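Trainee: Those protein sequences? They're chains E and B, same order as listed.
Everything in the first sequence is counted per numbering that gives the first Met the number 0, starting at 0 for the first residue and increasing by one.
Everything in the second sequence is counted per numbering that gives the first Met the number 0, starting at 0 for the first residue and increasing by one.
Mixed in with the good hints, there may be bad ones.
The calculated lysine-lysine pairs, modelled on BS3-like cross-linking and capped at a C-alpha distance of 30 Å, are [what the hints assert, rightly or not]:
hint, chain 1, residue 1, chain 2, residue 2
1, B, K43, B, K58
2, E, K68, B, K43
3, B, K58, E, K68
If you want the footprint, here are the derived chain B segments under chain E, 3+ residues with CB under 8 Å [said to hold, decoys possible]:
hint, stretch
4, 18-30
5, 49-55
6, 58-72
7, 144-156
Simulated from the structure, these hints should not be mistaken for lab results.
No experiment lies behind these values; they were computed from the predicted model shown.
Quick reminder that beta carbons are idealized off the backbone N, C-alpha and C, glycines included.
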Amino acid sequence: MSSSTARPGVRDEDTDSPEKLQLKHNEPVFLRQRFHGELGQMLRDYYDDVLDQPVPDRLLRLIEEFRQKEQE
Amino acid sequence: MTNESPFCFADELVVAMPSLRAFAVALSGNATTANDLVQETLLKAWSHQNLFQPGTNFKAWLFTILRNTYYSQYRRSRREVLDTGKIAEMRCVSPNQPSHVDMMEFAAALHALPVDQREALILVGAEGYSYEEAANITGCAIGTVKSRVNRARVRLARTLEMASVDELGADWSARAVVGKLGR
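Build out the structure end to end from the sequences listed, making use of the hints.
Mentor: Structure representation (structure tokens):
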């Protein structure tokens, strides 16, 4: 028996996840609170450092090949 | 009639490239493997570009391809070995700077995490994806992503001997999920 039968008018995807819906409702708050401490800063520093690395030539050449094919 | 500029696949790949590489490094812990992984992702994305739905998140689509490629082809053992030499080469700062030591220590702790926890932490904590977006990329439930992020936080804090998990910031929703899963 589906949950929609048990709770008329409520979609299945809503009935099986009240906790999920609550978390989703609160998510903007959690997103702001998240990773504000020292370790969060280290994570961002680590990731930013990798982001800043130059892209290898072979990858740039590959994209250039794609670009040329797009223009053909 | 709209003024929207046409979607240029190659241009979008260039924009996404740094994040794609960073995610690949975070997954593999090895710069060479990461570059191979990105290259394969680009080729797959190019050959399957008809499957991308305009208007949806292009970078998230690429991340999904990269992640699937990593799990299907590159992950040869459950325990990844951090290539500290490659990580050191990739650092911008001088090895003599104190921050270099901190960063190396952090990178080692990060790569000691199980890969599922590491990818969840990177997607949410570093890339800034919502739990829902991270769940879509990793193909698992939102609660699972929250659980993995929280476990990663706890483990990192312990490894780095930080005072408390709050060093990573409060996230009571994730803790609640972990608490329920642990019962």
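Trainee: Next step is simple, just say for each hint if it's right about the structure.
Mentor: The hints, checked one at a time:
{"no.": "1", "hint": "K43/B - K58/B", "in the structure": "holds (14 Å)"}
{"no.": "2", "hint": "K68/E - K43/B", "in the structure": "holds (15 Å)"}
{"no.": "3", "hint": "K58/B - K68/E", "in the structure": "holds (21 Å)"}
{"no.": "4", "hint": "18-30", "in the structure": "holds (count 5)"}
{"no.": "5", "hint": "49-55", "in the structure": "violated (count 0)"}
{"no.": "6", "hint": "58-72", "in the structure": "violated (count 0)"}
{"no.": "7", "hint": "144-156", "in the structure": "holds (count 4)"}
In summary, the numbered hints that this structure violates are 5, 6.
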